[in-house]
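Every letter in the sequence shown is one number past the one before it in my numbering, and letter 136, counting from 1, is 136.
Everything hinted at is true.
Capping the alpha-carbon separation at 30 Å, the derived lysine-lysine pairs in BS3-like fashion look like this:
| id | residue 1 | residue 2 |
| --- | --- | --- |
| 1 | K108 | K66 |
| 2 | K40 | K103 |
| 3 | K108 | K40 |
| 4 | K87 | K40 |
| 5 | K103 | K66 |
| 6 | K87 | K97 |
| 7 | K40 | K97 |
Cβ-Cβ distance ranges computed for the label pairs, FRET-style:
| id | residue 1 | residue 2 | range |
| --- | --- | --- | --- |
| 8 | S110 | R90 | 40 to 50 Å |
| 9 | C109 | K87 | 36 to 46 Å |
| 10 | W89 | S110 | 39 to 49 Å |
Treat the hints as calculated values from the structure; they're not laboratory data. Keep in mind it's a predicted model, so treat the numbers as computed, not measured. Yeah, the Cβ is synthetic: ideal placement off N, Cα and C, and Gly gets one too.
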Amino acid sequence: MIHHWHHFDAKKPCNQGSWQGTIQAIIMLQLRRNCEYCDKDLPPSSREVRICCCECTFCADCAETKLANVCPNCGGNFAPRPIRPSKEWRTSLCRAKQPPSDKRVHLKCSIEDAASPTAKVSKYSLSLSYQQIKRNSIVSFR
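Could you build the full structure based on these sequences and the hints that come with them?
Dropping the structure here:
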């Protein structure tokens, strides 16, 4: 579930030029608390967390060594999860006002089933990368 934060500002005009106000919405990441593969705790300030576009959450070790940087749930790639500041630099935008999720999330399939599509997508991605390099490079691949 993505957290929403709404702020009503009656001083700013909406797009039609009236003075009815505007609504600003900020969508926050859940900051899930565990690796979906090995169930390792992942604190909100950890730099060892990887997420995909659907916010599936894994520790760096599982994402890199067991999943070959391919999400077993959606087939997307992983990126480091941003760290939500503990200090409130802007109104209501910090861990105290937008707390991380308290729910543990696990793989939607077995570990064995997770490995199969990951391997297929990983091989396909590597194949594409090799073809792109071969096509765009001046280096001979003989």
